[in-house]
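K.L.:
Each chain, letter by letter, is given below.
There are 2 protein chains.
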Amino acid sequence: MRNIDERTITEAVTRSFEGCADPRLRTILSALARHLHDFAREVRLTEEEWMRGIRFLTETGQKCSEVRQEFILLSDVLGLSMLTIAMNHAKPPGATEATVFGPFYVPDAPECADGADIARGAPGEPLDVDVRVLSEEGRPVPHARVDVWQADDDGLYDVQVDALGQQRRARATLRADGDGRLRFRTIVPVAYPIPTDGPVGELLGASGRHPWRPAHIHFMIEAPGCQKLVTHLFLDGDRYLDSDAVFGVRSSLVVRLERPASGVPSLHHDFVLAREVAA
Amino acid sequence: MRNIDERTITEAVTRSFEGCADPRLRTILSALARHLHDFAREVRLTEEEWMRGIRFLTETGQKCSEVRQEFILLSDVLGLSMLTIAMNHAKPPGATEATVFGPFYVPDAPECADGADIARGAPGEPLDVDVRVLSEEGRPVPHARVDVWQADDDGLYDVQVDALGQQRRARATLRADGDGRLRFRTIVPVAYPIPTDGPVGELLGASGRHPWRPAHIHFMIEAPGCQKLVTHLFLDGDRYLDSDAVFGVRSSLVVRLERPASGVPSLHHDFVLAREVAA
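Here the protein sequences come in this chain order: L and D. Going letter by letter, the first sequence gives residues 1 to 279 in the working numbering. Going letter by letter, the second sequence gives residues 1 to 279 in the working numbering.
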């Protein structure tokens, strides 16, 4: 450790964690240092670039508040959030795939009855949703708890609209019936940009990336004996399906609306919950 | 990009930077995403660990202020700062090696004459320093500008001692004479801990690492035709030479004090400046 150079330093740092009493923390910190150094060596990071990185991370931390998490946004646009979901929520073949949770879930959504209009005045084109919750064997899962949330026609979630205060709309906690079926009315979701007024927005701008997410409705579905499912349904035809700013799209989650010649468009989908696995 | 999983996501993210107009930024962001994903896959990062990481980075950013840079401290303890220095300041054989700059340099140090007492009242054991500034060929470099700064006997730099206000001590801007020689009096440096009252201190504590840096004096030396040198001299025998919290030690920078039977200890060293290279 007295002969630090650009090659020996990595071993010096990983060795410094050898006294860590928590073996998992030791593994994580050693691997973090190793990959961080590999990155810096590969790109031959200059001192100016290092300082730019320090400033970027500082501004990202300072943009965070009670209602804003800029580091999660950074993780999202670098694909780390979706990678973490994909690793921790791999589903068996046939089960509905998971995607990112996102920052707009709130635990106090209104409890709505089967058939309710959960839009509750949120602006947008009406949409009738008719879904089923099934097991891996294709059998109905009765009485699953289904949380739904989405943006309105302006691309905003209720929690982003200051004027709404604590008012909740275009979100609900529902229950499927004894046959696993659930119907509700909401609005057709639209594409929207992630917040761009912070360092992550600057990063996207500087790197020629747009901030848009394709239109989607969030679902979180829970039932005894099944793995909790956190996912979205995306709308077929959305222009951002191939360039989601947070890399959340899976082709199995893209659905096509039925648009009758007259009347309200509708969305049908079967969710398949994976069996709970013993710890 | 509609089939994101834990393998395909890395290509999706690196491709998202293909439209970046700045080729260097594209290279850096693509490599960053690739190494970040490799890290997460290697350790099989859980969602809980991911959230712990988000919180750690947020707290690190929020600890930063006008007078505190917690992200630089994090870079220091992960060895990234020293790696960046090592890559960008590789010296030819025989030239004095560089080490970390540190956060305690200030541009308004007092200008002191050859032979001055630069301690200016800072508590500590007196030390006489007698150094030469040489070229790669071993010839004296006349009139080099030499900036010196160090901690006092309490392990504190003047800028850390609130009561001092703008008072500067144990730091100076000096000039070597026509023969490249410079003498001054200061104090014997002591080992000190890096700040531990923030997230980086918690990280060190949780991972079983101490926060100490071995005793050292900072030097920054500039002369026409030579590369600027930013380095330390460390004291032989210091207990932290093999475990510097920021990985700054190079064996060539460890010096032994001369301690006469009576009188003031002294430090002699020849600095060798690398030739300036054409850009």
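If you are wondering where the hints come from, they were derived from the structure by calculation, not from laboratory data. Glycine residues also receive a C-beta, built at the ideal position from the N, C-alpha and C atoms. Check each hint, because a few of them may be wrong.
Result set (SDA-like, lysine to any residue): computed pairs, CA atoms no more than 25 Å apart in a straight line [what the hints assert, rightly or not]:
{"hint": "1", "chain 1": "D", "residue 1": "K91", "chain 2": "L", "residue 2": "R44"}
{"hint": "2", "chain 1": "L", "residue 1": "K91", "chain 2": "D", "residue 2": "G138"}
{"hint": "3", "chain 1": "D", "residue 1": "K228", "chain 2": "D", "residue 2": "G138"}
Coverage of chain L stretches by chain D, computed from C-beta distances (three or more under 8 Å per stretch; other residues unrestricted) [claimed, not checked]:
{"hint": "4", "stretch": "71 to 79"}
{"hint": "5", "stretch": "246 to 257"}
K.L.:
Confirm or reject each hint.
P.N.:
Going through the hints against the structure:
Under the criterion of a C-alpha separation no larger than 25 Å, the hint pairing K91 of chain D with R44 of chain L is consistent with the structure, at around 16 Å. Using a Cα cut-off of 25 Å, the hinted pair K91 of chain L and G138 of chain D is violated, with the two alpha carbons roughly 68 Å apart. For the given pair, K228 of chain D sits about 17 Å from G138 of chain D by alpha-carbon distance, which is consistent with the 25 Å threshold. Figure legend: the stretch 71 to 79 of chain L, annotated as covered by chain D; annotation consistent (5 residues with Cβ-Cβ distances under 8 Å, at least 3 required).
Residue count for the stretch 246 to 257 of chain L with a Cβ under 8 Å from a Cβ of chain D: 6. That meets the three needed, and the coverage hint holds.
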